[in-house]
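Chemist: Given only the sequences and the hints, what does the whole structure look like? Please build it.
There are 2 protein chains.
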Amino acid sequence: MSKPNVVIIGGGFGGLQCARSLSGTPTEVLLLDKNNYHLFTPLLYQVASSLLNPSDIAYPIRTVFRRTRNVRFMMAEVAGVNFKTKTVRLIDGTEKSYDYLVIAAGSETNFFGLESVGRMACGLKDLPEALALRNHILRCFEAAAQETSEELRQTYLTFIVVGGGPTGVEYAGALSELVRLVLAYDYPEIGLEKIRIILIEAMPELFPTFPSQLGHEARKRLERLGVTAQCNTKVQEVTDNLIKFSNGESIVARTLVWAAGVKPAGLASTLDAACSRSGRIEVDEFLRVRGQTHVFAIGDIASFTEGGREIPMIASPAIQEARQAAANIMRSIANQPLEPFHYRDPGMMATIGRNSAVVHIKNLSLKGFIGWIAWLFVHLYFLIGFRNRIAVLSGWAWNYLRYDRPIRLIARAGERD
Amino acid sequence: MSKPNVVIIGGGFGGLQCARSLSGTPTEVLLLDKNNYHLFTPLLYQVASSLLNPSDIAYPIRTVFRRTRNVRFMMAEVAGVNFKTKTVRLIDGTEKSYDYLVIAAGSETNFFGLESVGRMACGLKDLPEALALRNHILRCFEAAAQETSEELRQTYLTFIVVGGGPTGVEYAGALSELVRLVLAYDYPEIGLEKIRIILIEAMPELFPTFPSQLGHEARKRLERLGVTAQCNTKVQEVTDNLIKFSNGESIVARTLVWAAGVKPAGLASTLDAACSRSGRIEVDEFLRVRGQTHVFAIGDIASFTEGGREIPMIASPAIQEARQAAANIMRSIANQPLEPFHYRDPGMMATIGRNSAVVHIKNLSLKGFIGWIAWLFVHLYFLIGFRNRIAVLSGWAWNYLRYDRPIRLIARAGERD
Numbered sequence: 123m124s125k126p127n128v129v130i131i132g133g134g135f136g137g138l139q140c141a142r143s144l145s146g147t148p149t150e151v152l153l154l155d156k157n158n159y160h161l162f163t164p165l166l167y168q169v170a171s172s173l174l175n176p177s178d179i180a181y182p183i184r185t186v187f188r189r190t191r192n193v194r195f196m197m198a199e200v201a202g203v204n205f206k207t208k209t210v211r212l213i214d215g216t217e218k219s220y221d222y223l224v225i226a227a228g229s230e231t232n233f234f235g236l237e238s239v240g241r242m243a244c245g246l247k248d249l250p251e252a253l254a255l256r257n258h259i260l261r262c263f264e265a266a267a268q269e270t271s272e273e274l275r276q277t278y279l280t281f282i283v284v285g286g287g288p289t290g291v292e293y294a295g296a297l298s299e300l301v302r303l304v305l306a307y308d309y310p311e312i313g314l315e316k317i318r319i320i321l322i323e324a325m326p327e328l329f330p331t332f333p334s335q336l337g338h339e340a341r342k343r344l345e346r347l348g349v350t351a352q353c354n355t356k357v358q359e360v361t362d363n364l365i366k367f368s369n370g371e372s373i374v375a376r377t378l379v380w381a382a383g384v385k386p387a388g389l390a391s392t393l394d395a396a397c398s399r400s401g402r403i404e405v406d407e408f409l410r411v412r413g414q415t416h417v418f419a420i421g422d423i424a425s426f427t428e429g430g431r432e433i434p435m436i437a438s439p440a441i442q443e444a445r446q447a448a449a450n451i452m453r454s455i456a457n458q459p460l461e462p463f464h465y466r467d468p469g470m471m472a473t474i475g476r477n478s479a480v481v482h483i484k485n486l487s488l489k490g491f492i493g494w495i496a497w498l499f500v501h502l503y504f505l506i507g508f509r510n511r512i513a514v515l516s517g518w519a520w521n522y523l524r525y526d527r528p529i530r531l532i533a534r535a536g537e538r539d
Numbered sequence: 123m124s125k126p127n128v129v130i131i132g133g134g135f136g137g138l139q140c141a142r143s144l145s146g147t148p149t150e151v152l153l154l155d156k157n158n159y160h161l162f163t164p165l166l167y168q169v170a171s172s173l174l175n176p177s178d179i180a181y182p183i184r185t186v187f188r189r190t191r192n193v194r195f196m197m198a199e200v201a202g203v204n205f206k207t208k209t210v211r212l213i214d215g216t217e218k219s220y221d222y223l224v225i226a227a228g229s230e231t232n233f234f235g236l237e238s239v240g241r242m243a244c245g246l247k248d249l250p251e252a253l254a255l256r257n258h259i260l261r262c263f264e265a266a267a268q269e270t271s272e273e274l275r276q277t278y279l280t281f282i283v284v285g286g287g288p289t290g291v292e293y294a295g296a297l298s299e300l301v302r303l304v305l306a307y308d309y310p311e312i313g314l315e316k317i318r319i320i321l322i323e324a325m326p327e328l329f330p331t332f333p334s335q336l337g338h339e340a341r342k343r344l345e346r347l348g349v350t351a352q353c354n355t356k357v358q359e360v361t362d363n364l365i366k367f368s369n370g371e372s373i374v375a376r377t378l379v380w381a382a383g384v385k386p387a388g389l390a391s392t393l394d395a396a397c398s399r400s401g402r403i404e405v406d407e408f409l410r411v412r413g414q415t416h417v418f419a420i421g422d423i424a425s426f427t428e429g430g431r432e433i434p435m436i437a438s439p440a441i442q443e444a445r446q447a448a449a450n451i452m453r454s455i456a457n458q459p460l461e462p463f464h465y466r467d468p469g470m471m472a473t474i475g476r477n478s479a480v481v482h483i484k485n486l487s488l489k490g491f492i493g494w495i496a497w498l499f500v501h502l503y504f505l506i507g508f509r510n511r512i513a514v515l516s517g518w519a520w521n522y523l524r525y526d527r528p529i530r531l532i533a534r535a536g537e538r539d
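Residue numbers (the numbering used here), protein chains in the order written: chain A, 123 to 539; chain B, 123 to 539.
One or more hints might be untrue.
Same chains, same label: a pair holds when it works inside one copy or across any pair of copies.
Claimed, not checked - Only pairs whose alpha carbons sit at most 20 Å apart, straight line, appear in this in silico EDC-like list of lysine to aspartate or glutamate:
(1) K218 - E311
(2) K218 - E269
(3) K156 - E269
(4) K218 - E199
(5) K218 - E264
(6) K247 - D406
(7) K247 - E264
(8) K156 - E264
(9) K385 - E230
(10) K218 - D362
(11) K385 - E404
Calculated from the structure, these hints are not laboratory results. Keep in mind that this is a model prediction, so the values were computed, not measured.
Modeler: So this is what it looks like as structure tokens:
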């Protein structure tokens with residue numbers, strides 16, 4: 123009897139962990155991703171703020187599975203899935219059949235239907251977005267240095283970051299350090315006092331899904347870095363660099379960083395499967411797509427409900443679900459009853475500039491230097507690859523000792539970085 | 123009396139050195155480059171072969187002159203120069219006036235009018251070209267892994283490098299190491315014996331401008347790395363991946379790396395100045411553009427003749443000329459007689475894989491391990507920036523100890539890397 127085929131769609135935290143959990147088992151695993159690398163998204167904002175190189179946080183997926191006999195990788199984009207014929211169709215038209223399927227296609231930047239925002243804003247969800255953002259920020263400084271009109275110059279020096287979750291907070295802090303500690307010295311002709319960084323959050327406090335003292339703490343630390351946090355405010359519309367807010371105010375800026383949320387990958391809506399209101403694929407307690415016995419969905423694209431709420435679209439649940447899905451596939455192959463999934467919330471952590479972080483783990487809250495050290499170790503631990511850990515640690519050490527963010531190359535229009 | 127204005131066009135080896143030589147003098151220097159970074163082109167082939175990050179060999183020009191009061195940098199592309207009004211016109215239409223002008227706009231890939239080659243080939247002269255090439259090579263392996271036709275697969279695994287000078291020789295060697303030591307393990311489904319790397323040179327031996335034992339030595343070392351060096355051969359035409367050679371042979375390949383030569387930047391031909399047959403701007407013994415008293419040209423764009431021959435389009439003459447041009451500007455300001463330029467040939471060095479290089483300095487030839495160590499030190503010495511030196515040295519150490527070339531991210535079409 124030949125080994126069962128498992129196809130995994132997506133090489134993010136969920137898909138990669140699932141393939142790892144299945145490595146060495148009597149299965150044949152095919153892992154698909156449109157990129158040839160796994161991206162460590164929690165540090166993406168450090169690429170977008172000139173601190174890290176793309177290669178520091180991206181790792182070739184084939185290299186992960188070099189020594190694994192039963193896992194193959196293919197760089198391919200999935201166009202659709204046919205549950206009846208048990209096949210995955212790639213965009214080049216070829217089909218891959220499966221005995222078991224794991225859908226882990228992840229998520230993308232969500233502009234919540236605001237088209238004018240989508241045209242102007244930079245997302246912060248994948249490597250091209252992060253590089254486009256880095257490039258844009260550096261270009262704004264070059265443009266400001268050359269601009270003679272005081273009014274126009276101010277538009278280049280006004281940076282709006284939308285989203286008071288960890289990504290938005292961390293990026294606003296990192297951007298402030300890039301500007302104050304590095305670019306201020308490269309552009310002495312630009313007065314530091316001209317630069318405005320404004321963080322916008324729709325809810326009444328930063329980190330709205332966490333205890334309010336965390337958001338309060340974050341706001342205090344951001345203000346020390348010169349970032350204005352404006353809560354209870356939404357972006358409504360953008361016309362010609364004029365950004366209009368829900369409170370009636372508006373501001374002219376060239377930069378709108380969008381860290382306000384993500385939505386499930388487009389694949390979800392093409393499937394013959396029920397989706398939750400948020401567009402995520404509904405799964406049962408065993409992580410199977412509802413109505414399917416051989417198809418699992420995990421991570422951001424899957425809607426797993428616990429305590430009446432969908433679990434969040436972040437790395438930890440994806441990794442935990444991946445392990446459970448792999449275990450349930452092995453149980454199904456062995457004709458054993460499946461095990462239900464339970465989410466263990468690992469908490470939240472965010473750095474806000476040097477020596478400073480807020481950390482919330484169960485009932486423990488850390489802040490300041492201790493929180494920052496905890497943040498460093500956790501992120502290094504979860505990075506893949508010895509070299510990437512060294513590279514990231516070296517980058518941080520350089521930044522810490524030299525107050526430098528050295529990756530400051532501007533790619534010209536139409537070029538790759 | 124206000125200080126004389128010096129405008130320098132180009133932030134390559136020549137322009138950067140000239141600005142450095144003028145720093146601290148009673149002049150006001152404006153350095154212009156279309157990129158915001160100085161690129162250490164001798165290591166570009168290591169970016170194109172997945173060994174180094176772009177940021178390791180590129181350094182922000184503004185950062186070089188942070189502590190220099192009389193040098194300003196502006197990221198701008200030059201559209202033309204008017205010698206009569208003493209102004210430089212930028213592509214955005216603004217004009218910069220000068221008292222002295224230094225033209226150091228460098229060179230670009232030369233396809234020698236072979237249009238069909240220009241459409242297919244990857245150059246290896248600037249960062250976008252190097253990244254496009256890296257990307258292309260990695261894509262070829264993904265495509266080969268997915269290709270079912272044996273014949274088509276071979277086209278993805280055939281790599282033609284044109285140009286038997288240092289760039290072509292070094293890249294062919296680096297490509298071989300990338301393929302044999304790294305990609306062979308990532309793509310076990312591709313047999314190593316299928317891969318062909320062919321280096322094409324028009325003259326009878328590699329390194330045609332150097333003593334013939336060097337070319338002979340290089341060929342021997344390349345052959346050990348599995349690279350076939352084919353001399354006395356030119357590329358004539360390309361149609362649909364079919365590359366036709368002057369000897370009547372042809373080969374189907376997806377990759378054509380063009381390291382066959384460079385030509386002066388387009389700016390040269392727009393000037394009201396005499397150009398040599400190679401298109402370089404003719405200069406007098408003091409490096410002044412012929413007929414101009416306040417305009418100097420240096421580096422690849424300048425045609426300086428010594429011993430009846432134009433000095434080569436490489437870094438060393440550009441740096442030497444830059445120092446002389448800066449000195450002559452200071453002499454001119456002080457109403458002193460100018461000094462003629464004399465070129466001191468520093469020799470040539472090229473690495474060919476691990477532990478192996480050929481070095482030719484005056485009458486001294488080094489090869490093998492000693493040559494390789496010499497190569498390493500010279501290149502580290504000339505790199506700009508302490509961090510870049512550390513980053514490059516770390517990259518080399520990682521490569522040496524782990525046989526790895528880790529920067530293997532594929533950017534999808536239309537994306538920045």
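Chemist: Take the hints in turn and mark each one as holding or not.
Modeler: To see whether the hints hold, each was checked on the structure:
In this assembly of identical chains, K218 and E311 lie within 20 Å of each other by CA distance solely across copies; the values are 18 Å between and 58 Å within a copy. In the homo-oligomer, the alpha carbons of K218 and E269 lie at most 20 Å apart only across protomers (14 Å), although the nearest pairing inside one protomer, at 55 Å, exceeds that limit. In this assembly of identical chains, K156 and E269 lie within 20 Å of each other by CA distance solely across copies; the values are 17 Å between and 40 Å within a copy. Within a single copy, K218 and E199 get their C-alpha atoms as close as 12 Å, which meets the 20 Å cut-off; across copies the closest is 50 Å, which misses it.
Taking the shortest Cα distances, K218 and E264 sit within 20 Å of each other only across copies (17 Å), while inside one copy they are farther apart (49 Å). Taking the shortest alpha-carbon separations for K247 and D406, neither the intra-copy value of 28 Å nor the inter-copy value of 56 Å comes in at or below 20 Å. Taking the shortest Cα distances, K247 and E264 never come within 20 Å of each other, neither inside one copy (25 Å) nor across copies (24 Å). Taking the shortest Cα distances, K156 and E264 sit within 20 Å of each other only across copies (11 Å), while inside one copy they are farther apart (34 Å).
In the homo-oligomer, the alpha carbons of K385 and E230 lie at most 20 Å apart inside one protomer (6 Å), although the nearest pairing across protomers, at 44 Å, exceeds that limit. In this homomeric assembly, K218 and D362 never come within 20 Å of each other (Cα to Cα): the closest approach is 46 Å inside a single copy and 30 Å across copies. Only within a single protomer do K385 and E404 lie at most 20 Å apart by alpha-carbon distance; the minimum there is 14 Å, versus 61 Å between protomers.
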